[in-house]
Structures are given as C-alpha cells and as structure tokens.
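Chains as they are written, first to last, in the numbering used here: chain V, 1 to 253; chain B, 254 to 603.
These aren't lab readings, by the way, just hints derived from the structure by calculation.
None of the values given here were measured: they were computed from a predicted structure.
Ideal Cβ placement from N, Cα and C applies to all residues, glycine included.
Cβ-to-Cβ under 8 Å is the rule here; a few derived chain V residues that face chain B:
no., residue
1, Arg79
2, Gly104
3, Ser111
The following label-pair restraints were derived from C-beta to C-beta distances:
no., chain 1, residue 1, chain 2, residue 2, range
4, V, Gly88, B, Thr372, 28 to 36 Å
5, V, Asp219, B, Ala474, 37 to 45 Å
6, V, Glu187, B, Ile579, 37 to 45 Å
7, V, Lys59, B, Ala474, 27 to 35 Å
A short list of chain B residues far from chain V (calculated; beta carbon distances all over 12 Å):
no., residue
8, Thr347
9, Phe379
10, Ala395
11, Leu585
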Amino acid sequence: MTAAPLAVRNATLKFGGVTALDDVSITVNDDELLAIIGPNGAGKTSLLNVTAGFYRPQKGSVELSGKDVTGQRVDQIARHGLARTFQGTHLFAGQTVVENIMIGRHMLMKSNVVQAFFQYGTVMREESEHREAAEEIIDFLEIEAIRNRPVGTLGYGLRKRVDLGRALAQEPSILLMDEPMAGMNSEEKEDLARFILDVREARKIPVVLVEHDMGVVMDLADRIVVLDFGRVIAEGTPEEIQKDPAVIKAYLG
Amino acid sequence: MDPSGIFPTSYRTDRRVVRTRWQAIALAVFMGLLLAAPYLASGRIIAVLNMMLISAVIAVGLQICTGYAGQINLGQAAFMGVGAYTASILASKTGMSFLLTIPLAGFAAALFGFLFGLTAARIKGFYLALTTIAAQFLFHFAVLNLPSSWMGGSNGITVPPAELFGFRIVGETSQFYMNLAVATIMIAGAFGIIRSRFGRAFVAVRDDDVAAGIMGINVAATKANAFLIGAFYAGVGGALWAYLIRFVGVDQFTLFNSIFFIAMIIVGGMGSIVGALVGVFVIRVIQEVIATVGPNIADSVSFLGGDIVFAGMNVILGGVIAGSMILEPKGLMHRWNILKSSFRIWPFPY
Ligand SMILES: Nc1ncnc2c1ncn2[C@@H]1O[C@H](COP(=O)(O)OP(=O)(O)OP(=O)(O)O)[C@@H](O)[C@H]1O
Ligand SMILES: [Mg+2]
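Only chain V is shown next, with the shape it has when bound in the complex (with noise of 0.2 Å):
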C-alpha cells in the first residue's frame, strides 16, 4: 500500500489569542476529491495554508505522499507535488494565458543560465515541449481561443480556468482549491465543476476543495470534512454530512 497523497496530522495554528487550527487531522487519498466546509473564519483557508507552506504549524505535520514536509518552504512543497489556487487569484495578470500556464512549467524544465545564454537551440527545444503540455491543458480546458490574451482582460471565470491550468500544468500529485467558485454565475460555476470532476478522473490528481456552495460540494465531493472554530466537527460521505446533527447546528446555530 501506497501513503495517502497527502496526510496533514494533528496541525495546530494560532495568531496570538486566535487558534485558527486546533489539532486538525486529515488525509486524502489516491484519486479522491476531499470537500472542506465550514463557516466563515472556520479555519479553511488557514489549513490550506499549512499544507502549503505559507505557515508553519505550532504542532503537528504535513506529509506529502509519505514524506514529512512540516516547516519546508513554499517553493520546496511545490516541487513536492503540491499545486493550489487562491480565494480571488493570483495570476500573473500583465502575462498571456499561455505565459501563465508556462510559469506552472518552470519546475519541471531542467535547462540552467549558462544553457539560456549560449545554447539557444537546446533551450528552445525543452520549450517546445514544454509548450505542448501547455497547450493540451489549454485545449483541456477549452480556452484556446484566448491562448494570447493578457489575463488581466480576462473575466472572472476565465481567470479562475487559466488559474486551474497554471495549476494543472505543473502536473501535481494533489491539488488544494480554495474557493474557485466564488463570485462566479451559474454558468461559470457549472463550466468549472466540469473541469474539476475531470481533473480528479481523467488526470487522476486528487483534489481538496474548500467551497462554501452546499450544491456544489455535495455534488463533487466523494467525502466532506466540517470545520468550525478552528476544529473537524464532523466528517464523512455527502449524505452523511447533510443528516449530521453538529453541523446543521453550526450552520443554522
């Protein structure tokens, strides 16, 4: 047996007086897509963020298939397997959708400095290829047609797809959604899930997604873990998860 692509194991976080994780636990295994709900100020985001690397957990430990990366920076996480999108994004905005989606490629090219500036021809090769997995994601995700455009002219669920393939193109071992579907019409959110579903069975990549839409979530989610005040209330399928008595009361309560 295989370890679980990624395991986050007893992480507590506090902001001074704030405890924003108290010793949470979860794991998320092969080609699973894990839901986190909660409250506003439950403690999503701040778990993602641990996983990430952005913060280092008082106690507890984030292994990525196995391996313990507790306290590693964000870049060494990334070259883990880890890929996330952000609660509004964070794309490169003055770059083109493909520039965008070539930066999710960077760690994975192998070409040095001295390459660049001599060799031309051998770089310009690895780029090539580099270019057709990007291009495949932007066909995956059906945006070609606005392959060149600067993403910054891009609408709101336009950005959030470049988001997902600048994700996607760095072809993680799990990846971490942190709202994607905020702010975004009916349509937009439907296009989305589409693409979600995919990415857990075509690419196989596990995913986390943190959604405050109850419609959504219980739609995509194989399992659903319940946040609130900073601890896991409740856990399980979607239909266990609806009949839960803990959490219609931190809902409605």
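Using the hints, position chain B with the ligands against chain V.
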C-alpha cells in the same frame, strides 16, 4: 503580434526573436551598417558608438535585474566599477589576455552583486534602493582605503591595451569592433535568458511573489540571481570601459552613473531588451549634445561657471526622465509596439 492572417505554424516559430522576413532584413541591414560604421562615420561618431555599446551591455543587465525581475538597483555603476577594476588589475599585474579578463570581470562583479541580491530577498522597494546605493559607497570606500598597491587608491590604475594574437587593440576603430563583438554576444545571451524559464521566473517574482513560490520558484534565490546576472553584465561593460579609456579611477563609477543607467531603461521601457537599447541611444545622444553645447554656453555666459555642464546634464536628464514617466510611463518601446500592432493588423480588427 504577427501581421494579420499570419499564424505561427509551430511553437518554435511562435517564440522566435526575429519573426518576419522584414525583421530579419532590418536586423541584417542594422548589423551591416554597424560593421561598416568606421568607414562611414567620423571618429567622433565612432567614439560615441563605443560609449553606446558599453552602456548597452550594462543597461541590458540592469533591464534584466530591474525591468524583468523588478529588483530596484541603484548600484549598477559600482558593479561596473568592480568589473573595470578587476580587468585593470588582472591586465596590468598579470598580463592576462582580455579574453579571460572580461569574463573574470563579469564574475567578480556578479559575486559582488549577488551579495546585495541576497538582501533583496528580505527587503523591497525604497529600502532595497537604499541598500544598493550602499554598494556605491562600499565600492568607493574599498578602492580609496585599501592599500594603493592593490586598487590604485585615488591615483587609479593605468590599463595596458587589449591584445589579440599580437595585435594591439588600440584606437577607436579596433576598440569599436571589440566592443561590438562583446555587446552582440551579451545582448544575444540576454534574449536567450529572458525567453527561457529564467525570464519567466523573473517576471513571476516581479509580478506576484506569492504565486511565484507556489509555482516552485525559489523567490529569494531568483532575486539574488537577478542581481547576479545584472551585475555580471555591468562587470563585462566595466571591463570594456577599462580597455577603452585605458585608465580606471573611482570617480568614473558614481551614483550619478547608476541613475543614468536607470534613466536609460525607464526612457526605453521597462521589461524590454530592445527598450534598453533604445534608452541607451536616447540618453547617450542627449548627454553628447549637452557635452557639446554646454561648454559653449558656459563660455559665453561666464558668470555661470564651468559646473554648468555637469549641473545642466543632470537637470536636463532629470527632466527627460520625469517627462517620459509622465508622457510615456511604459517607455518608448511600449508606444512603438502599440503603433506596430495597429499597423500590422490594419484594416482588420485582429
Ligand atoms: N494572517 C492572519 N493573522 C491573524 N489571524 C488570522 C490570519 N489568517 C487567519 N486568521 C484568523 O484565523 C481564523 C481562520 O481564518 P481562515 O481565513 O482560515 O478562515 P476561512 O475558513 O478560510 O474563512 P472564509 O470562509 O471567510 O474564507 C479567523 O479567525 C481569522 O481571523
Ligand atoms: Mg478562506
């Protein structure tokens, strides 16, 4: 952007520097004219071209560091000075060939630049600007206070001429070919760097360092490398300067010179290699005009005194920078690209 109706047939053509036949012809004609310049133009013009070629190497390096990677650098003249002194000391004390001293000058400057680049990992903007100004003072302090047998102290160092297979590269014309050869290699290399994954990493760190990190880009190392590369270019330019002037002194590499290099990339356009070259041309022409006209004015209006040339240079260049930031904040290259793309696709909308 390509002319209307022309679509790249492969990813390779899509990424080429020279994309149309007309661009290739224009480049060939431009290089041909440069090669023939010593036979076409006066010695004075060749002297100006020599300064432009050397400035071009240094400004292109600054463009990579500041324009692409977004790391403010007010120490480029100090990095140039480190290169100039390295080449001078090696050439005068060991008789080493310029084929070695020029790259070694680059590496020495790169090392110095890298040290300042490490601080760029922690600080940004105004504070980084201050730190890079410290490079200027550190350089001056070291040269003036180390034993004069090392760095020549306030007397400077006299540099023997560059020599290739027993042929002494002296006089503006042979120096011009040496500078042209080195500048061509360095500029071609700059295109290679900015079109590679490193160029993208620089832009990523400049535009959003949080996102750059999650892309697996080591932000601190990338910033330090931007300084390293920028300073390498300054060091190579400094070595060319040493062989051109045949003498180096500490007051050739001041904060004013650093600001002129910044002016070049601002006027030409941040984040464009060609923009850096355009900026070098514009600023050097202005400097040349002031240097020519200034003394005449100083002579005829004697109460102004001789300092008027230096003061006037700074006032006018300051005006040019301020004016270009108001009228053309993205630089001349940006304006040119807009004109070009609207002309190319005419009369179609795309
Ligand atoms: N950088 C920070 N400094 C101080 N407190 C923080 C910081 N980040 C988060 N917090 C606090 O930690 C708690 C959890 O915040 P977090 O952003 O993880 O919630 P969330 O579940 O993502 O909420 P939302 O649904 O609004 O995005 C909140 O009380 C928040 O105020
Ligand atoms: Mg959040």
